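Visitor: Take a look at the letters that make up each chain.
Number of protein chains: 2
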Amino acid sequence: MMKLTLVKIGGHSLENKKDLHQFLIDFSRIEGVKILVHGGGKSATNLANKLGLNPTLIAGRRITDAQNLDIAIMTYAGLLNKNIVAGLQKNKCNAIGLTGADANTIESVKRPVKTIDYGFVGDVKKVNSRNIKALLLAGFTPVFCALTHDTNGQILNTNADTVASEIAIAMTEEFEVELLYCFELKGVLSDIKNRNSVIKELTTSVYRRFLKQGVISVGMLPKLENCFKALQQGVSVIKIGNTSMIGKGYDVFTKIIL
Amino acid sequence: MMKLTLVKIGGHSLENKKDLHQFLIDFSRIEGVKILVHGGGKSATNLANKLGLNPTLIAGRRITDAQNLDIAIMTYAGLLNKNIVAGLQKNKCNAIGLTGADANTIESVKRPVKTIDYGFVGDVKKVNSRNIKALLLAGFTPVFCALTHDTNGQILNTNADTVASEIAIAMTEEFEVELLYCFELKGVLSDIKNRNSVIKELTTSVYRRFLKQGVISVGMLPKLENCFKALQQGVSVIKIGNTSMIGKGYDVFTKIIL
Numbered sequence: 093m094m095k096l097t098l099v100k101i102g103g104h105s106l107e108n109k110k111d112l113h114q115f116l117i118d119f120s121r122i123e124g125v126k127i128l129v130h131g132g133g134k135s136a137t138n139l140a141n142k143l144g145l146n147p148t149l150i151a152g153r154r155i156t157d158a159q160n161l162d163i164a165i166m167t168y169a170g171l172l173n174k175n176i177v178a179g180l181q182k183n184k185c186n187a188i189g190l191t192g193a194d195a196n197t198i199e200s201v202k203r204p205v206k207t208i209d210y211g212f213v214g215d216v217k218k219v220n221s222r223n224i225k226a227l228l229l230a231g232f233t234p235v236f237c238a239l240t241h242d243t244n245g246q247i248l249n250t251n252a253d254t255v256a257s258e259i260a261i262a263m264t265e266e267f268e269v270e271l272l273y274c275f276e277l278k279g280v281l282s283d284i285k286n287r288n289s290v291i292k293e294l295t296t297s298v299y300r301r302f303l304k305q306g307v308i309s310v311g312m313l314p315k316l317e318n319c320f321k322a323l324q325q326g327v328s329v330i331k332i333g334n335t336s337m338i339g340k341g342y343d344v345f346t347k348i349i350l
Numbered sequence: 093m094m095k096l097t098l099v100k101i102g103g104h105s106l107e108n109k110k111d112l113h114q115f116l117i118d119f120s121r122i123e124g125v126k127i128l129v130h131g132g133g134k135s136a137t138n139l140a141n142k143l144g145l146n147p148t149l150i151a152g153r154r155i156t157d158a159q160n161l162d163i164a165i166m167t168y169a170g171l172l173n174k175n176i177v178a179g180l181q182k183n184k185c186n187a188i189g190l191t192g193a194d195a196n197t198i199e200s201v202k203r204p205v206k207t208i209d210y211g212f213v214g215d216v217k218k219v220n221s222r223n224i225k226a227l228l229l230a231g232f233t234p235v236f237c238a239l240t241h242d243t244n245g246q247i248l249n250t251n252a253d254t255v256a257s258e259i260a261i262a263m264t265e266e267f268e269v270e271l272l273y274c275f276e277l278k279g280v281l282s283d284i285k286n287r288n289s290v291i292k293e294l295t296t297s298v299y300r301r302f303l304k305q306g307v308i309s310v311g312m313l314p315k316l317e318n319c320f321k322a323l324q325q326g327v328s329v330i331k332i333g334n335t336s337m338i339g340k341g342y343d344v345f346t347k348i349i350l
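Heads up: the sequence lines are chains H and D, in that order. What the first sequence shows, in the working numbering, is residues 93 to 350, in sequence order. What the second sequence shows, in the working numbering, is residues 93 to 350, in sequence order.
The hints are simulated quantities; they were obtained by calculation from the structure and are not laboratory data. These numbers were taken from a predicted model, which means no experiment stands behind them. Honestly, I wouldn't trust all of these hints.
Which copy is meant is left open, because identical chains are indistinguishable; a pair holds if it fits in one copy or across any two.
Claimed, not checked - DSBU-like, lysine-lysine: derived pairs with alpha carbons at most 30 Å apart:
#	residue 1	residue 2
1	K225	K95
2	K184	K225
3	K292	K182
4	K217	K184
5	K182	K206
6	K218	K182
For reference, chain H alone in the conformation it holds in the complex (with noise of 0.2 Å):
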């Protein structure tokens, strides 16, 4: 099968732009089919706060209303991902920047309310693998924001986590598949105060040890949960690390082991 990479970056790697620059030249000198998956990082809370809006989380998640879902649209799939795509561009890489709406890739429904009331947030339903596969093979680059569609006319916002690993599971019918997050750390942490502990192997049974004794931090745990789950449906090797993990050379990272 043909070799599939598909990174995900965010957090705060998108809002330093020596970062993201460095980031655009390794992700384009990749070898072979890829896909980018990028969060929003702060883009939206910025906007909001210009227009006076006051974002509301709940449970490390944002509510997502109305104006809030205008606010995301403009920000990821306009200002982060229109940039990012340019941005490769330059480097030569056929990118195109794409919602779950565009091509019809990412079909998700909107969140039931049971005790909170999300908003506009989409659980995804279904990744359209054929049409991803289709502007791979044309030569593209897919870039994704975290925006999928109810295939009803409604956009909606999803966890770009788990957009990216829903993504790289519907690739490995036709793809071996490595995903790779990149984020502003070195790896997963023992010690989250020493950002030099990054623990080299992953598997479940250390994941279950280390949840049992509160050693990982709470904002890694959505994300290690995608992780294996995307394992699990066949996705070859996943690998948690700093932007810099996909230049060449660069050899401190999680990598996460059934």
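For this one, chain H is given, so just place chain D on it according to the hints.
Guide: Below, chain D without anything else, positioned relative to chain H:
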């Protein structure tokens, strides 16, 4: 040659939800391969107003400083483009939203400063028809907003009518192209005060006569110059009319003829 229908929608039609809703239904029903180009309507001005920025216009052209470029990217490539794409997907049209940076479809050059510095405004240098054709043949319907790139990482603001005519011209290499300009009026008017004074057929000679008489409104002139250029360069049919023109059985519009 295969037929390609290229529709440009702009003006108030983008802001009227009911008109836009019907337009997206009608556009989805157009048979064969097709492309949509949309303008920005008042969306950028609205966002600029909310942010307390004053857009500067010189000779009817928006001066695009860095802040206004960000606003254009957020509203044209984000809010407008993605909601149009989601609306087309609802109607089973497999739309894919693009700027000229995406798939390197439209390369432009930052307009040189002569008497006026237009800022981040791009004049089209090259439409990569091969990349657009690849998307069409893969079964997608490209939806362009009026942004291009300089291939050096810079997004540029470009007139939407020009984007439409330049794409139409480039696609004549491989397709028989019909170009439809849709807006809120019924066509080119011989009396600006009478919305029913539609010129049915506008030839170059009639155009020159009306031009001398000052009959045609100033806002219409660049659009018509684009039309005659496109016809000279191989576009088969050009019509200007109301957004409802693309629906079945509607026959009031201006046909542009060399």
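Visitor: With reference to the structure, classify each hint as holding or not holding.
Guide: Here's how the hints hold up against the structure:
| no. | hint | result |
| --- | --- | --- |
| 1 | K225 <-> K95 | both (12 Å within a copy, 26 Å between copies) |
| 2 | K184 <-> K225 | both (20 Å within a copy, 20 Å between copies) |
| 3 | K292 <-> K182 | neither (34 Å within a copy, 46 Å between copies) |
| 4 | K217 <-> K184 | between (33 Å within a copy, 18 Å between copies) |
| 5 | K182 <-> K206 | between (46 Å within a copy, 27 Å between copies) |
| 6 | K218 <-> K182 | between (32 Å within a copy, 16 Å between copies) |
Violation of the numbered hints given earlier is confined to hint 3; every other hint is satisfied by the structure.
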